[in-house]
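Generate the whole structure from the sequences, applying the supplied hints.
Here's the letter readout for the chains.
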Amino acid sequence: MDLPCGTRGYSYAEDMAIIRTKTQWALFLTLLALLLTMPLYVRSDYWLGVANLIGITLIAATGLNILTGYCGQLSIGHAGFIAVGAYTSAVLTNRLELPFVVGLLAAGFTAGLIGLVFGIPSMRVKGFYLAIATIAAQFIIIWVINHWGITHGTSSLIVPYASIGGFVFRSEASQFYLIIGIAILCTFFAKNLARARVGRAFIAIRDNDLAAQVMGINLFKYKLLAFFIGCFLAGIAGSLLAHCFYGSLLAEYFSLKESILYIGMIIIGGLGTTLGPILGVLFVRLLHQILTVEVVPFLEGALTALPAGFATGISPMLFGLIIILFLVLEPRGLAHRWNLFKSAYRLWPFSY
Amino acid sequence: MADLLQFVITGITVGMVYALIALGFVLVWKSSGVANLALGQLVLIFSWFTYGMLVQAGLPLWLGFALVILFAVVLGWLIERVALRPLIAQPILSLITVTLGLAYFIEGVVTFIWPKSVAALPRLFPQEPIHIGTAVVSQAYLWAAAISLILFGLLSLFFKYHKMGIAMRATADDQMAVQACGIPVTKIFSRSWMLACMLAAIGGVLMSSIGGITYGLVETGLKAFSVVILGGLDSFLGAIIAGPIIGLAENLGGGYLTPLTWPGVREVIPFIIIIIVMFLKPYGLFGEVRIERI
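Going down the list, the protein sequences come from chains U and Y.
For the first sequence, position 216 (counting from the first letter as 1) is numbered 216 according to our numbering, and the numbering increases by one without interruption.
For the second sequence, position 136 (counting from the first letter as 1) is numbered 136 according to our numbering, and the numbering increases by one without interruption.
Treat the hints with caution; some may be incorrect.
[Unchecked claim] Covered, in the sense of this in silico footprint (three residues per stretch, anywhere, with C-beta under 8 Å from a C-beta of chain U), are these stretches of chain Y:
#1 105-118
#2 162-170
#3 198-208
#4 220-230
#5 263-273
Think of the hints as simulated: they come from the structure by calculation, not from any bench.
Glycine residues also receive a C-beta, built at the ideal position from the N, C-alpha and C atoms.
If you want it as C-alpha cells, here you go:
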C-alpha cells in the first residue's frame, strides 16, 4: 500500500530512502518550489501572516504528535509549554538583549526541561491521570507567567523582531522563510525519528508500555525523551510565535482552549503519522481563517437576526464538533484518508 | 485567628460542592471507564441555562429548576448516545479526547448563546450572613453544603437499594458479568451520564449562587479533577472526603500564602495538589491500585 507497484530497492540505502520513485521526486520538488516561492505569488501580507502561523503551528503540532501520536502520552498542556518558550525567548531578547538565536534555542531547552518536570508523573501513571497532570501544568505555568515580575503576563511584553547576524526579519516574507525553514527541518526530523530506534521504542510504548518494558525498552528514558522532544519543539514554536507573529505577548494567548485545539489538530490530521500534523494544521488554521474572515462577516451581513455571540462562538462550536466527528467517524484522521485515496488511485480502475 | 475559622468554614462548604461535581465524574468513570474532561464546561452550560430559565425567561423557581434538571438529563443522554456510544472499546486516548472535543463544543455553545461574560442568578437563599463564632458566613455557603450533604445521603441510598444503583455498582465491578446477567450495559452508561450531568447542574447552580456565573465555573469543574485525583478515581467515599480537603487547602492556602507568593495562588492550589499527589500517591487516598498484566 505504501509504494507503487514495481518499486524495488537494490541496496539498503535505496530501500530506506523516503522518496523512492521519479514521480515522487518530481512531486516533491514541485511542492518545495511552490512553497519556497510563495511570497512571490501570495502578495497579501495578511495571507503570508496566515502561512507563517500555519508554519509555527506545524512545528508545535509536530512536537505534540511525537509526544501523543507516537509515544501515546496525552498532553493537554501544550499551549502552556509554548508559552514557556515564547516568554523565555521574549525575556532573554527583550530584557537581557541577547541575540535571537540564543533566545530561540534557550526557548526550546527551557520548554523541554519544564516538560520533563511535568512528564515525570508519566512514570507512574498514564491515560487520564497524565492528562490531568498536563492540564495542571498548563494552569500552573500560566499562573507563574501572569504573576512573575519578569514575565508579567497580564500586561503585554514587547518582543523585538527576529534577527540573525545583522539581518532583521521584519517583513512577512522574510519571516516566512525563517519559519518554513525550521518547519521543514522539524518535519524531516520527526519523519526520521519515527523510523529510527527511538521512534520505534515510542510506538512500542504507545501500544503497550509493559510489553515494551519487557522487551528491554527503558520506559523512564524514552517517556521523558518524548516529553523533552515534544516540549522542545513547542518551545521553538513559542519563540517564533513571539518574534514573528505576536510582537507583544500576553499570557492569555496560551489558554487551555488553545491546548485542546492542538490535540484536535493532530487527531484531525491523524495520530502517529508524519503527514498528520501537516494536514491537521492546514485544515484547522485555514478553516478558522476562512470562517472568521469570509463566512462570519458574510453571514452577519446577510442575516440580521444572528445572536450576539455568533462571531466568537461559532468557531469553537464547529471545531469541537469536528473533533468529535473525526474521533467517531475517522479516528485515523485525514492522513489515513489520503493513504486510502492513494492506493485507490494506483489501482484504478480495478477495485483491488 | 479570626480568619482561620472563616477560611475553614468557607473551604469545607465549597469543598462539598466540589465533591458533588466530582461524584458525577467518578460515576461515569466507574461505570464506563470514560474520563469526562468536559466537566467544567458542563457546569458552565448548566449555570447559564439556569440563568436563561430564571432570568431571561422569567420562570418561577420550581419550574426553572425542573427544566434545568430535565435539560441536564437530556444532555447527558445525548452526549452518551452521540459521542461515546460509538467509541465503546476504543483506546483510552480517544475516550479522553472526545470529551475534550465536547468541552470545546460546549464552550462554543455558551459563548454563542450567552456572549456576556458575567451574570448573576436571582437570589436563591436568604441574604443576611450568619455569625459563627468570629466568622461571618454568607448563607449561600451553608445552604450549598446542606444540599450537598442531602444529595450524598440520597446517592448512597440510591446505590445501596435502588435497582439501577445496584446495577451501576455491578457494572463498575465487572462489565462482562453484568452483561451475562442480562443487564444492558449501554443503558447503565447512559443513566450514569444523565446522573453525572444532573450532579454537574446542581453543583453549577450552587456554585453560581455563591459566586455568580463567570468563566471561573469552568475552573470549578477542573477543581473537581483534583478532588477525584486526591480521593482516588474510582472511589465515591474518596471524592466526598477529598472535596472538603481541596476546598480547605484552597481557602487556607489562598488566605495565608497570598502574602508570601503572588495573588491568585488560590486558583492554582488544586492544580499543585494534583501534581503532588501524582508524585506521592498516584492512585489517590482511596483509589484502587491497578495491577497491570500483559
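Now the hints, each set against the structure:
1. 105-118: Contact hint for the stretch 105-118 of chain Y vs chain U: holds, 11 residues under 8 Å.
2. 162-170: Three-residue rule not met by the stretch 162-170 of chain Y, so violated; n is 0.
3. 198-208: violated (count 0)
4. 220-230: holds (count 4)
5. 263-273: Holds: 7 residues of the stretch 263-273 of chain Y have a Cβ under 8 Å from chain U.
Going down the numbered hints, you'll see the structure goes against 2, 3, while the others check out.
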